[in-house]
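Number of protein chains: 2
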Amino acid sequence: MTQVTELQHVDGRPLTDDELAGLDAYWRAANYLSVGQIYLLDNPLLREPLAEEHVKPRLLGHWGTTPGLNLLYAHLNRVIRARELDALFVTGPGHGGPGLVANSYLEGTYSEVYPYIGSDEQGLQRLFRQFSFPGGIPSHVAPETPGSIHEGGELGYSLVHAYGAAFDNPDLLVVCVVGDGEAETGPLAASWHSTKFLDPARDGAVLPVLHLNGYKIANPTVLARIPDDELGALLRGYGYRPYLVAGDDPAEVHQLLAATLDRATDEIAEIQRAAREGGDTTRPEWPMIVLRTPKGWTGPKEVDGVPVEGTFRSHQVPLAATRTNPEHRAMLETWLRSYRPEELFDAEGALRPELRALAPTGERRMSATPHANGGLLLRDLELPDFRDYAVDVPSPGCATSEAMTELGRFLRDVVAANPSTFRVMGPDETASNRLGAVLEQTDRTWLGTTLPGDEHLAPDGRVMEVLSEHLCQGWLEGYLLTGRHGVFNCYEAFIHIVDSMLNQHAKWLKVTRDIPWRRPIASLNYLLSSHVWRQDHNGFSHQDPGFIDHVVNKKAEIVRVYLPPDTNTLLSVGDHCLRSRDYVNVVVAGKQPALTYLTMDEAIAHCTRGLGIWEWASNTDGEPDVVLACAGDIPTLETLAAADLLRTHLPELKVRVVNVVDLMRLQPDSEHPHGLSDREFDALFTSDKPVIFAYHGYPWLIHRLTYRRTNHANIHVRGYKEEGTTTTPFDMVMLNDLDRFHLVIDTIDRTPSLGVRAAGLRQRMVDARLAARLYTREHGEDDPAIAGWTWPGRAGGAAPEGDH
Amino acid sequence: MTQVTELQHVDGRPLTDDELAGLDAYWRAANYLSVGQIYLLDNPLLREPLAEEHVKPRLLGHWGTTPGLNLLYAHLNRVIRARELDALFVTGPGHGGPGLVANSYLEGTYSEVYPYIGSDEQGLQRLFRQFSFPGGIPSHVAPETPGSIHEGGELGYSLVHAYGAAFDNPDLLVVCVVGDGEAETGPLAASWHSTKFLDPARDGAVLPVLHLNGYKIANPTVLARIPDDELGALLRGYGYRPYLVAGDDPAEVHQLLAATLDRATDEIAEIQRAAREGGDTTRPEWPMIVLRTPKGWTGPKEVDGVPVEGTFRSHQVPLAATRTNPEHRAMLETWLRSYRPEELFDAEGALRPELRALAPTGERRMSATPHANGGLLLRDLELPDFRDYAVDVPSPGCATSEAMTELGRFLRDVVAANPSTFRVMGPDETASNRLGAVLEQTDRTWLGTTLPGDEHLAPDGRVMEVLSEHLCQGWLEGYLLTGRHGVFNCYEAFIHIVDSMLNQHAKWLKVTRDIPWRRPIASLNYLLSSHVWRQDHNGFSHQDPGFIDHVVNKKAEIVRVYLPPDTNTLLSVGDHCLRSRDYVNVVVAGKQPALTYLTMDEAIAHCTRGLGIWEWASNTDGEPDVVLACAGDIPTLETLAAADLLRTHLPELKVRVVNVVDLMRLQPDSEHPHGLSDREFDALFTSDKPVIFAYHGYPWLIHRLTYRRTNHANIHVRGYKEEGTTTTPFDMVMLNDLDRFHLVIDTIDRTPSLGVRAAGLRQRMVDARLAARLYTREHGEDDPAIAGWTWPGRAGGAAPEGDH
Ligand SMILES: Cc1ncc(C[n+]2csc(CCOP(=O)(O)OP(=O)(O)O)c2C)c(N)n1
Ligand SMILES: Cc1ncc(C[n+]2csc(CCOP(=O)(O)OP(=O)(O)O)c2C)c(N)n1
Ligand SMILES: [Mg+2]
Ligand SMILES: [Mg+2]
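Chains A and B supply the protein sequences, listed in that same order.
Numbers given in our numbering equal positions in the first sequence, counted from 1, plus 111.
Numbers given in our numbering equal positions in the second sequence, counted from 1, plus 111.
There may be inaccurate statements among the hints.
For chains that are exact copies, the list does not tell them apart, and a pair is met inside one copy or across any two.
[To be verified] Pairs of lysine-lysine, DSS-like flavour, derived with a Cα cap of 27 Å:
no., residue 1, residue 2
1, Lys666, Lys832
2, Lys832, Lys621
3, Lys832, Lys800
4, Lys621, Lys765
5, Lys621, Lys666
What the hints contain is simulated information worked out from the structure, not anything from laboratory work.
All chains, full assembly: derive it from the sequences and hints.
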């Protein structure tokens, strides 16, 4: 039994009457501008009675959440000025776009970046008209909104973004509004635990504000309908000290919120002092705020006989028929006038100076903080020369190495050279994905308790491991969006968990490309290992190469997919990705010991081209009879083994081996900036010869990328066709007809001249598959003659070992 | 301030010495069988000294979690017998497969379903050998495992599955082991709140057991490294009464766990009694257990000088080199013998009868409960005749209706006719997706507090709304897997949130098809509305039609995608989906008022064919000059408007309009069971005429489905190319070149004979696009002449209204 406090209240009335009046006026101004955006085409200061033509024909937007956002924003301005804080505002309920646009406009930032929207009546009219209007701005806190790193369209990621922004920003306060509906999502529910990964000495602070307005779209919210005790317990269980600010009387709430924000910022300052000066390394109990005010506060109380303010009905547009229904229009006018615009704006339509003075200035304005435009702060990484990490490749296909292990060494030194701008994220797989070398240089971030025997845990570790792909992704997004760099390593199959987060990030990048004041940020780099072909421990549930397909649906300018076949190519690709900007880079590479093919110089040339003929594996310099194409480490291995078989058993067959590292090269240049011209493509893949394409993922993707090519009808793709279980590596490729023997069979079947001549070889290949399967059933492992295959004519390499 | 209890301990030592000894022996037997599966090829009872050839060459599996699972399982058996419970075991750490297989074997179920694995020494040897062995069984708690509805491969869904199983199963106790690593995931973190959606009167009980073994793969877990107070607060905040069972002395832990399980099951019985007999409708505080025992308990304490038992190093295979390293092998032998197999199994190798008697019998065995093989319990839905919900279609394309509203009426009556076997899930969008009619019949499930003014909330509501797509999906999966039916309605864009859950469910279905004793279950039905083309309120972040692409990568036998163009087709498709088994059905349909085209009889014929020529929209019965194909409601509208334009301005052009409802019809019949034969395809789409295909989603998908067709080179697809914002419906289609004017332009550009002749019309179409855009910029809405278009020669329908 312990004595605990549930939700705490802060006593005290810190605001003078003037301060209170000022804050309230500022809030009214923001509310006025928000309602104006949702409803008005014209007459922005209500200088005339509101007429039909002043109202938008389509009313699109969300009012309900907005007064709460505006309230908090106004109060934060006071705190920022009083304490000279650098603050960033993350809006969970991003559908409250009008509120954030309003505040940015009140602070002057909006007119700075969009001079067309000035600080006068005309500017106001334009501000109103453009909102959710064709050719105007989106309804959400989108990339177009100054001060935003978070659109809040797909709910659930506000808090994880906030933490990502706070990492390595010791002087930043990130205030994060979490919708009580949003709080029901899985990613948000997991995000609270980020307290165990935030170092008070090195990182900034996050102040979560749970916006308990009680409702989501059409339902109450779970957290609004559990007793205070339970809510308090939950939030304390998450590691916070929660303060409740509740009420529906503005004057009361102003005092309470001001007192609570003072307390919270005091506590944060004290936590940081204790950690930074006092050397206190224990995990602090961070303050947070529960803001319980009515949804749609200050809006219409009742419409058409049903309550609206304080209910779910205020979520979108409380008055729906303001154009056609004069009564609704009159209510709208009353509502707008209730904010007393004449007290807020001067004759020109500019915010009165005494109100303007309530906002911070310059980069202290939350709408103008450079942290929300991370590209402004972005500095190139200090990169060691990746060539120094090259493995020796005496001749192709004879020696083995672990590609991820070598990349781990490179990343270790990237961490060392960039001690506060680069992080490695992963769901507890950094070591098992063989990136363990980074732990020679740094630890895993850990603010939980530690025990003797713990390894590599420290508050200031730079490897972030948590069993939540959502948190890994969200932290990294927040970190990148505020101008830093990083890598997310993950099992290939489970990266689908963040499909929808990737969507939103790719959309963000796409839109920012057309916003001149948004500066490029570092790319989002995925390092997918433990891929579909080597799930020896796990089996079918861990086999899914479809993330590539998902990513390729995003805008071509944004996405890059790399399938390096060996260690040196992985190093070259890795270096390239870390230097790039505004992309989503997906790199898929195995972690097991595997054959190496290219020296570093060859690897660089190959990666620069993105694909190319491997002359040493081909037996013709001229026109081939068949092209064996491959993309991915395992398909490359099987293709080379197939080429070996063909060269041995059908020496007269002219075989060309083409390896593809940069998958986007396959697309036409009209579709993707990396795309090959048709001329180049035809030269490599011929315009009439069979192409047997061994691909890492779902085979259809290759068709989707190449269907416009001259020779498409001759391209036969093998890949993963959703067949798998817990079995040996070679059995896996056989299950999907991607094995060397089947590639030989495919070659025979697709090369017109071979049909009859090669029937004997074909049959031997069928038998070889059966024998290989039988071997696994008897011995529980692959035939060493298969597993230990190396490119012939060379000293044999060690047989690749099993998975761990 | 309140007095609260943190993690509680239950005092009492309920077990007699004999009971304790029996339980411990049973536990040892399960542990022995688990280690045997991971390591042994032969010598299963250690009748000889352990030799190299007795050990598997590849050691693949996970030991760490297994002793905890086995401990709990043994104790549950006692409780089940004592209280005659029906229980289902859901294993979060599904990598503990050996434990569940072991228990199923000990209970005899395994040999019943796999007679090849008998209850004797040979059976034991086969049991051991097959595990994680080529041609054998997977390492996880897979579909192959009797008693499982949950593989636990991708972590995070155990608790939500458990709740799904408990709904409408008043006599079922679902015991759910949650890994402490798994508990870090977003979906799991959200799942705890399912207490607010479980009706103690109508539903069964879920007993969560948080398996606090302290570690995940290579790291400690968050929940293991926060103080007990904090953990207790968290779990109480989630709505539970948590009991701690902690220790590393088996005898002590046995007593504690037994006492705690007795308490928990007592409390559950009392909660249910109060609700069912006492009419207590308040949300109860459900008991749960925190089981804190060492990871890899009873395994090697130390290996090669480093601690293993009780650390992350026990996660997979504690002794890695048992084949090559005699010292490791000796340790393995000691470990195995520590369970004293000679006391557990008789001379034949069968479990001794006194131990066998400790397990329940028949369907009370958790490995044999029919709830884990839901198809056994599945009953057809009682379906009203969907034709009764038909809308009147006097002539094609002249009247409007809201397809989802009509479907809502049908679903309302499905709910009424199936009061305990059908549920509707959705993330707070059931009303906004226009399915509101179901609320005339039932309420939303809600155990939270209620306030005056609340609408349609009740503990026994059959509509489940929570702002978590993960919970909607997981509840429904659990519900279906235990033999019931349901529908998940969701915004199209945000269904990507559950991409990876869909993967796992589709994999489960695929595997069960090859397991004779698994019986078919009801299909997983997605109803995706608020689709990409009508995000009027929201914009770019809400626009993503890629879920279809994702689903289509799954096994063809499993997936079905329907794009009904109007109300009657939606009704027909909806009925069809609710009758189907073992599929994933994706239905995409708009919620706005839209034109109707087909009478119910026509709709049934069209949906049965899956696609077809719309004669009334075509102007030729013979060979066309161009085929206008369409799939999806908005593309269909634009295609028909384009056909109208072509017929008016190029009357001599022979136009055929083909509408596709069942997308899988486009694939070759060799690829998908619904696929059209090439002959049929060529007849519909011609073998040489241009096909202008207006498609709902990403255009590449149509190419991926049709690249093998004769006429593929002539298929020109328009669809969503990731261009969007908050704008009008027609502006959206224009942004993506899917509008009627552009389809006319495409027709002109692709029809060889038209180039010169139609240049004037082409230019008028370009101008029409500009004019349409300009209209939106000026008026904020679409030109009524465009928005109000109807199929000509008929009375004009009402202009479709805007989105809400
Ligand atoms: C993941 C996701 N699912 C569904 C929606 C649809 N949606 C938009 S707003 C909203 C309700 C949000 O409620 P809350 O977070 O409480 O915000 P507020 O009450 O402040 O508006 C929902 C469900 C969404 N935006 N994202
Ligand atoms: C979503 C997901 N991410 C990553 C993994 C890889 N993985 C497998 S087991 C495991 C650790 C699980 O820890 P816990 O839940 O505590 O289970 P236990 O300790 O009982 O083994 C991880 C991260 C996974 N299976 N699923
Ligand atoms: Mg809310
Ligand atoms: Mg664990």
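Taking the hints in turn, this is what the structure says about them:
1. Taking the shortest Cα distances, Lys666 and Lys832 sit within 27 Å of each other both inside one copy (26 Å) and across copies (8 Å).
2. Proximity of Lys832 and Lys621 under a CA criterion of 27 Å is satisfied inter-copy only: 12 Å between copies versus 32 Å inside one chain copy.
3. For the homomeric pair Lys832 and Lys800, the shortest alpha-carbon distance inside one copy (24 Å) is at most 27 Å, but the shortest distance between copies (32 Å) is not.
4. Within a single copy, Lys621 and Lys765 get their C-alpha atoms no closer than 44 Å, and across copies no closer than 41 Å, so neither meets the 27 Å cut-off.
5. Taking identical chains as interchangeable, the C-alpha atoms of Lys621 and Lys666 lie at most 27 Å apart only when both belong to the same chain, with a minimum of 7 Å there against 32 Å between chains.
Of the numbered hints stated above, the single one contradicted by the structure is hint 4.
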